[in-house]
Every structure is written in C-alpha cells, then in structure tokens.
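Protein chains: 2
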Amino acid sequence: MAESKQFDNVTVVKQANVYFDGKVTSRTVVFEDGTKKTLGIMLPGDYEFGTDAIEIMEILAGDLKVQLPGSDAWIHIQGEGEFTVPANSKFKLQIATVTDYCCSYISE
Amino acid sequence: MAESKQFDNVTVVKQANVYFDGKVTSRTVVFEDGTKKTLGIMLPGDYEFGTDAIEIMEILAGDLKVQLPGSDAWIHIQGEGEFTVPANSKFKLQIATVTDYCCSYISE
Numbered sequence: 275m276a277e278s279k280q281f282d283n284v285t286v287v288k289q290a291n292v293y294f295d296g297k298v299t300s301r302t303v304v305f306e307d308g309t310k311k312t313l314g315i316m317l318p319g320d321y322e323f324g325t326d327a328i329e330i331m332e333i334l335a336g337d338l339k340v341q342l343p344g345s346d347a348w349i350h351i352q353g354e355g356e357f358t359v360p361a362n363s364k365f366k367l368q369i370a371t372v373t374d375y376c377c378s379y380i381s382e
Numbered sequence: 275m276a277e278s279k280q281f282d283n284v285t286v287v288k289q290a291n292v293y294f295d296g297k298v299t300s301r302t303v304v305f306e307d308g309t310k311k312t313l314g315i316m317l318p319g320d321y322e323f324g325t326d327a328i329e330i331m332e333i334l335a336g337d338l339k340v341q342l343p344g345s346d347a348w349i350h351i352q353g354e355g356e357f358t359v360p361a362n363s364k365f366k367l368q369i370a371t372v373t374d375y376c377c378s379y380i381s382e
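Chains as they are written, first to last, in our numbering: chain L, 275 to 382; chain X, 275 to 382.
Please note: incorrect hints may appear among the correct ones.
A pair counts as met if it fits within one copy or between any two copies, since identical chains are not told apart.
[To be verified] In silico DSS-like links for lysine-lysine, alpha-carbon gap of 27 Å or less:
| id | residue 1 | residue 2 |
| --- | --- | --- |
| 1 | LYS339 | LYS288 |
| 2 | LYS310 | LYS364 |
| 3 | LYS310 | LYS297 |
| 4 | LYS339 | LYS279 |
| 5 | LYS366 | LYS339 |
| 6 | LYS310 | LYS366 |
| 7 | LYS310 | LYS288 |
| 8 | LYS339 | LYS310 |
In case anyone wonders, no lab produced these hints; they're calculated from the structure.
Modelling step: build the complete structure from the supplied sequences, incorporating the hints.
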C-alpha cells in the first residue's frame, strides 16, 4: 500500500465514466508509458462488473466485500486494501460505505 | 464550451474529495502553472456550497438548477453549461440527474 499520493505528468480525460446511475463513477488517467488507471467512487450498493484486462483494484478508503471469479467466498476490506481480478472475468462487489478506489489495467 | 477533452501534463491527487456522504465527489487536478481544477460528480439532491476563491463551474453533462449569491432566481442548465461564483460566497444547487462537472478556481 506504499503507493504515491499523486500521479505526476499524466493526462486526465475530462469526461467521467458513469455506471449504475452514477452510483459508480470514475476518471481515466493515462500515464507517459501509455498505461491507464481509473480513479473512482462507489456508493453503497451491490454491483457486478466485467473486465477484459487484468484489474488491480486498490481500495483507498471504504468498507466493502468482493467476490472474485471462481470463488464463493466474500473478502471483506475495511479502510485500505487491494485485490486482483483476472482478465475476461466478472466479479461482484457489496459496497457498505462510500468507497474510493484506484484501478490499474494490465494488458497481457 | 470549446474546451479540451483532456488535460495533459498534469498532476492528479489520488484521494477523492468527498462531500454529502459521497453524493458529491471530485478529484483535484493541478496544472503546470500551479492552478487547480476539480473534476467532479454530483448525484441528484439539493446542496449548498461555500467558496473562498472565484469558481468557474463548467457543466459537462447533467440537469440542474443553480441559485447564485444575491439572486432569488434559479438558472436551469440541461446538458452543457457554465456559471461563475464570486469569491467568499455561497451558492445553491438542485441536481436533477447525475451531473459531471469541471470546476476552475481563480485566485485574485
């Protein structure tokens, strides 16, 4: 979790990404090497997401449970945490309190 | 409204700014000249904000009404729009649909 508190020399896409009637929103950040992250907010609710790329989800703040593909278990994260989602898969989230996240997309 | 679709060579603060239980959130973008903007999302609801600096609020998408300080009138913005809030003042917003905005802070 010893990540930087800010991203320097990046490009930010102005328009937000909006999902679930705005209960999940994010902004896209593009780095000098062409890699991409999104900085997002999830409000309380139950969500299912699909991903093409591998996703590394860093939780900056919040209280949530995540169910990763191929598992019946729910992982509980309070405060900070991180989990990785395999490419071409779906995962479920139960958001209990406003959750601030940074998602990195890893191309294979 | 002929603004750029992205901001290049900027710094983005990772942690979100969270207001009203997450119904209003934003990310801070710092430019090379030291000026600051926030990119934010407002969910439906009624809000009152105070500002120290002059704020130029560019609405990227949404449906809202704004009441500027010293006025009883409500200005209706659907889709894109812009309004300026004087320094050291308060203003009210009635957000009807998920609203995506870019706020510029002007130091005097």
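Check your understanding: What hint numbers does the structure not satisfy?
Key -> As far as the earlier hints go, not one is violated by this structure.
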